[in-house]
Amino acid sequence: MPHNWDDSQNINAGSKAVEWPQGPLTDDMGVTFPQKGWTPLWLEAWVVQDSTGASQRTTQWSGWAPGRWTADGIPPGWKVGSFQPGLALGIALVAYRDNTGAFKQAWWLDPIDLY
Numbered sequence: 011m012p013h014n015w016d017d018s019q020n021i022n023a024g025s026k027a028v029e030w031p032q033g034p035l036t037d038d039m040g041v042t043f044p045q046k047g048w049t050p051l052w053l054e055a056w057v058v059q060d061s062t063g064a065s066q067r068t069t070q071w072s073g074w075a076p077g078r079w080t081a082d083g084i085p086p087g088w089k090v091g092s093f094q095p096g097l098a099l100g101i102a103l104v105a106y107r108d109n110t111g112a113f114k115q116a117w118w119l120d121p122i123d124l125y
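Quick note: the sequence shown uses the numbering used here, first residue 11, plus one each step.
Because the hints were derived from the structure by calculation, they are not lab data.
As the structure is a prediction and not an experimental result, all values here were calculated from the model.
No residue lacks a Cβ here, since even glycine has one placed at the ideal position from N, Cα and C.
Among the hints, erroneous ones may be present.
[Claimed, not checked] List of simulated lysine-lysine pairs, BS3-like, C-alpha gap at most 30 Å:
#1 46 x 89
#2 26 x 114
#3 114 x 89
[As the list claims (entries may be wrong)] Label pairs and their calculated CB-CB ranges:
#4 90 x 46: 31 to 41 Å
#5 42 x 63: 30 to 40 Å
#6 110 x 18: 13 to 23 Å
#7 109 x 22: 29 to 39 Å
#8 13 x 95: 15 to 25 Å
#9 91 x 40: 19 to 29 Å
#10 39 x 95: 26 to 36 Å
#11 109 x 23: 34 to 44 Å
#12 23 x 112: 40 to 50 Å
#13 39 x 121: 13 to 23 Å
#14 112 x 62: 35 to 45 Å
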């Protein structure tokens, strides 16, 4: 997969959580999931920050925008520690059905900037 996290992710001032992890939903050639005939089923997004030890997990199960994902699942997920502005790592796993109806998964990780 190409870069599948937005370069910058927002930290909530109160909770110190990343609100809400998001990015493009594309294949290795940069083609969006709807263009490929693929249907996303769920996505799990992890953010980890070495400098603070903070980590969180959030999901998306519905509300897919064409070519985008936003891990704003309810409940809001799991978080340990407090994120601070700076470098972090985004890790995501998506389950989907391809254009033949087969169940597939893909994952990616990218450096991200928290602000």
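CB-CB spacing for residue 23 and residue 109 relative to the 34 to 44 Å hint:
42 Å, holds
Holds or violated: the 30 to 40 Å window for the beta-carbon distance between residue 42 and residue 63?
35 Å, holds
Compare the distance between the alpha carbons of residue 26 and residue 114 with 30 Å, and conclude whether the hinted pair is satisfied.
33 Å, violated
Has the hinted range 40 to 50 Å been met by the Cβ atoms of residue 23 and residue 112?
Holds - the Cβ-Cβ distance for residue 23 and residue 112, about 43 Å, lies within 40 to 50 Å.
Status of the given 19 to 29 Å range, CB of residue 40 versus CB of residue 91
Violated, since residue 91 and residue 40 (Cβ atoms, about 34 Å apart) do not stay within the stated range.
Check the following: the C-beta atoms of residue 90 and residue 46 are separated by a distance inside 31 to 41 Å.
35 Å, holds
Using the Cβ atoms, figure out if residue 39 sits within 13 to 23 Å of residue 121.
For residue 121 against residue 39, whose Cβ atoms are near 22 Å apart, the range 13 to 23 Å holds.
Cβ-Cβ distance between residue 112 and residue 62: within 35 to 45 Å?
This hint holds: roughly 40 Å between Cβ atoms.
If you check the beta carbons of residue 110 and residue 18, does the distance land in 13 to 23 Å?
36 Å, violated
Take the C-beta atom of residue 109 and the C-beta atom of residue 22, compute their distance, and say whether it sits inside 29 to 39 Å.
The hinted range 29 to 39 Å holds for residue 109 and residue 22, with Cβ atoms some 37 Å apart.
Assuming the hint says 15 to 25 Å, is it satisfied by the Cβ distance from residue 13 to residue 95 or not?
About 20 Å separates the Cβ atoms of residue 13 and residue 95, which means 15 to 25 Å holds.
Between the alpha carbons of residue 114 and residue 89, is the straight-line distance 30 Å or under?
This hinted pair holds, its Cα atoms lying about 27 Å apart.
Violation of the numbered hints given earlier is confined to hints 1, 2, 6, 9; the remaining hints are satisfied by the structure.
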